[in-house]
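*Asks:* Since the structure of chain Y is provided, determine the placement of chain P on it from the hints.
Next come the chains, spelled out residue by residue.
2 protein chains.
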Amino acid sequence: MTHQPAISILSRDAQQYAALLTQASSDLTLCQVLDTVPADFQCAQTEVLLCDPDLGAKAVRHMPSLRWVQSTWAGVAPLLCEPQPDWQLTGIKGIFGPQMREFVLTYLLYFVRRVEAFQTLQRQSLWAPLRPGILRGKTLGLAGVGDIGRSVAEAASGLGMKVHGLSLRSRDCSTVEQYFSPSEKVAFAASVDYLVGLLPATDATAHLIDADMLAALPPHGVVINAGRASTLDHSALRECLQRGHLAGAVLDVLPSEPLPDDDPLWRTPNCLITQHTAALSHPEEIARIFINNVQKYRDGQPLNYTVDWHNGY
Amino acid sequence: MTHQPAISILSRDAQQYAALLTQASSDLTLCQVLDTVPADFQCAQTEVLLCDPDLGAKAVRHMPSLRWVQSTWAGVAPLLCEPQPDWQLTGIKGIFGPQMREFVLTYLLYFVRRVEAFQTLQRQSLWAPLRPGILRGKTLGLAGVGDIGRSVAEAASGLGMKVHGLSLRSRDCSTVEQYFSPSEKVAFAASVDYLVGLLPATDATAHLIDADMLAALPPHGVVINAGRASTLDHSALRECLQRGHLAGAVLDVLPSEPLPDDDPLWRTPNCLITQHTAALSHPEEIARIFINNVQKYRDGQPLNYTVDWHNGY
Numbered sequence: 250m251t252h253q254p255a256i257s258i259l260s261r262d263a264q265q266y267a268a269l270l271t272q273a274s275s276d277l278t279l280c281q282v283l284d285t286v287p288a289d290f291q292c293a294q295t296e297v298l299l300c301d302p303d304l305g306a307k308a309v310r311h312m313p314s315l316r317w318v319q320s321t322w323a324g325v326a327p328l329l330c331e332p333q334p335d336w337q338l339t340g341i342k343g344i345f346g347p348q349m350r351e352f353v354l355t356y357l358l359y360f361v362r363r364v365e366a367f368q369t370l371q372r373q374s375l376w377a378p379l380r381p382g383i384l385r386g387k388t389l390g391l392a393g394v395g396d397i398g399r400s401v402a403e404a405a406s407g408l409g410m411k412v413h414g415l416s417l418r419s420r421d422c423s424t425v426e427q428y429f430s431p432s433e434k435v436a437f438a439a440s441v442d443y444l445v446g447l448l449p450a451t452d453a454t455a456h457l458i459d460a461d462m463l464a465a466l467p468p469h470g471v472v473i474n475a476g477r478a479s480t481l482d483h484s485a486l487r488e489c490l491q492r493g494h495l496a497g498a499v500l501d502v503l504p505s506e507p508l509p510d511d512d513p514l515w516r517t518p519n520c521l522i523t524q525h526t527a528a529l530s531h532p533e534e535i536a537r538i539f540i541n542n543v544q545k546y547r548d549g550q551p552l553n554y555t556v557d558w559h560n561g562y
Numbered sequence: 250m251t252h253q254p255a256i257s258i259l260s261r262d263a264q265q266y267a268a269l270l271t272q273a274s275s276d277l278t279l280c281q282v283l284d285t286v287p288a289d290f291q292c293a294q295t296e297v298l299l300c301d302p303d304l305g306a307k308a309v310r311h312m313p314s315l316r317w318v319q320s321t322w323a324g325v326a327p328l329l330c331e332p333q334p335d336w337q338l339t340g341i342k343g344i345f346g347p348q349m350r351e352f353v354l355t356y357l358l359y360f361v362r363r364v365e366a367f368q369t370l371q372r373q374s375l376w377a378p379l380r381p382g383i384l385r386g387k388t389l390g391l392a393g394v395g396d397i398g399r400s401v402a403e404a405a406s407g408l409g410m411k412v413h414g415l416s417l418r419s420r421d422c423s424t425v426e427q428y429f430s431p432s433e434k435v436a437f438a439a440s441v442d443y444l445v446g447l448l449p450a451t452d453a454t455a456h457l458i459d460a461d462m463l464a465a466l467p468p469h470g471v472v473i474n475a476g477r478a479s480t481l482d483h484s485a486l487r488e489c490l491q492r493g494h495l496a497g498a499v500l501d502v503l504p505s506e507p508l509p510d511d512d513p514l515w516r517t518p519n520c521l522i523t524q525h526t527a528a529l530s531h532p533e534e535i536a537r538i539f540i541n542n543v544q545k546y547r548d549g550q551p552l553n554y555t556v557d558w559h560n561g562y
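Protein chains in written order, with this note's numbering: chain Y, 250 to 562; chain P, 250 to 562.
So here's chain Y without its partners, still in its complex pose (with noise of 0.2 angstroms):
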């Protein structure tokens, strides 16, 4: 008989996952399902957990048998804490990729084809017709091309715009036609128009987005960042933006989160603020990962989407 290990859940979602999961295998064994992490939290069973991040990060300290963690986020940095612990860690994958190159396109878009102006003329019921930009032919800087990476590149790739990426590590991906490494950071700034940052949170990203980066964009230059906030030097880029260097950027995460109403950034000129909506998790995706994984954790067999812990992602 297949061994049935003992799964909790914290995650905010957590009665969602529990009905997801027994309506999918009736035979899983659910220890605990919470949506915060009590004070005096204590499981000596659980071997496996489903969490967001935050919440994991609380407990898993508490679960004397855990084996094994898998993450309901993109971006596991909350997980990650020192030393090592023997649970192995599993993020998502191929669910994010389709949601964030549409949140690209949107606000690169909203920017070329000058929408804005467009609605400041029929506010006014002002006939005056403004020449829009295009896309094609123009370079896309991608900061960070794992997963996500690629299928923003490829959709840009499809309007016709040159890719370049930034990279640690991965250079894997065919649509980018030329890679830069961090200590390239200055000369990929400057062979871009657009620049969309996707990278995890980790040491060396840190400020890897910094005011010598902003400052070899061109003008017309747009900057999204959607990958972690601890990546982007947010006073540099609101300098940026006072002095009118670049034509705008868009914010997706922020240094804190819910944005405090008095942070400079809401009233930056040109800075748009989407509150970490450019990919969403949807359970019912998750779910589907999660539960592919258990039966492989089942059969002994290696789990999709593992953790490098020494890279963070």
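Because the hints were derived from the structure by calculation, they are not lab data. Be a bit skeptical, because a hint or two may be false.
Note that identical chains are pooled: a pair holds if it fits in a single copy or bridges any two copies.
[What the hints assert, rightly or not] Using 35 angstroms as the maximum straight-line C-alpha spacing, the simulated DSBU-like pairs for lysine-lysine come out as follows: (1) 434 x 545; (2) 307 x 411; (3) 387 x 434; (4) 342 x 434; (5) 387 x 411; (6) 307 x 545; (7) 545 x 342; (8) 307 x 342; (9) 411 x 342; (10) 307 x 387; (11) 387 x 545; (12) 434 x 411.
*Replies:* Here is chain P on its own, set in the frame of chain Y:
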């Protein structure tokens, strides 16, 4: 020696065209180069006319030697007088597709990703994440599947959308999963999420997009008209938007242009006016097409992009 036809130019960009033509070929015989049509206009020599269709329409009957008219626009309706004259008419193809596909994606994404709602939250410095929609898996309805429509269809398909086509004749776009004829237009509208009008102005297309079609669209539907204004019943559209039956509309072409400042379309809820800028004629690209056709004309070869007088495109 090759026959050198006398060429005239009637266009708002006449001087630019004259410079481009002279630059490209030193042996062209330029006759009239005008950016308006004088009241007493006459030109006995002109054999070939490059013109903005509205200007050309005022001049062609005063050009007795005319053999060929090259339009600078995609829409040639102003030139289609009756009875059919003995000169041939050529249009422009191949340069509007890349602009149009970006225009359509801009505004589909604008509504689907809820850009305006995020901006409203931002003006209040209010963190209250909304769940954006996604184009992937939705169905785009293309009313008019010619050269430009094919480019839009391919871009939509690249994002994982299905494409349905309403077409009078052409059925040769492999990206279109299902074709409908004009008599099936209500079923067509009922089968799609978004409707993009790219129809030419002909007798057969007048008010083809009418109240019945609009009523068959879903409440999250968006209508984008970038074909010709005569193909859409604007009163019916306004009525739909006012009672919130549709999520939005984008009108690139208007019943009269410039749109008068007291026209209610300026202030119809969720109706965006883009002032006939979806796909602009760049003189460099038009000149290239014309010069190529001049070579064919001299050599007695069939011209590119000839307009069928009866079909009107």
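*Asks:* Decide, hint by hint, whether the structure agrees.
*Replies:* Okay, the hints, checked on the actual structure:
| no. | hint | in the structure |
| --- | --- | --- |
| 1 | 434 x 545 | neither (40 angstroms within a copy, 50 angstroms between copies) |
| 2 | 307 x 411 | neither (43 angstroms within a copy, 44 angstroms between copies) |
| 3 | 387 x 434 | within (19 angstroms within a copy, 38 angstroms between copies) |
| 4 | 342 x 434 | within (26 angstroms within a copy, 41 angstroms between copies) |
| 5 | 387 x 411 | both (6 angstroms within a copy, 27 angstroms between copies) |
| 6 | 307 x 545 | within (27 angstroms within a copy, 75 angstroms between copies) |
| 7 | 545 x 342 | within (16 angstroms within a copy, 54 angstroms between copies) |
| 8 | 307 x 342 | within (24 angstroms within a copy, 61 angstroms between copies) |
| 9 | 411 x 342 | both (24 angstroms within a copy, 24 angstroms between copies) |
| 10 | 307 x 387 | neither (45 angstroms within a copy, 40 angstroms between copies) |
| 11 | 387 x 545 | between (44 angstroms within a copy, 33 angstroms between copies) |
| 12 | 434 x 411 | within (17 angstroms within a copy, 39 angstroms between copies) |
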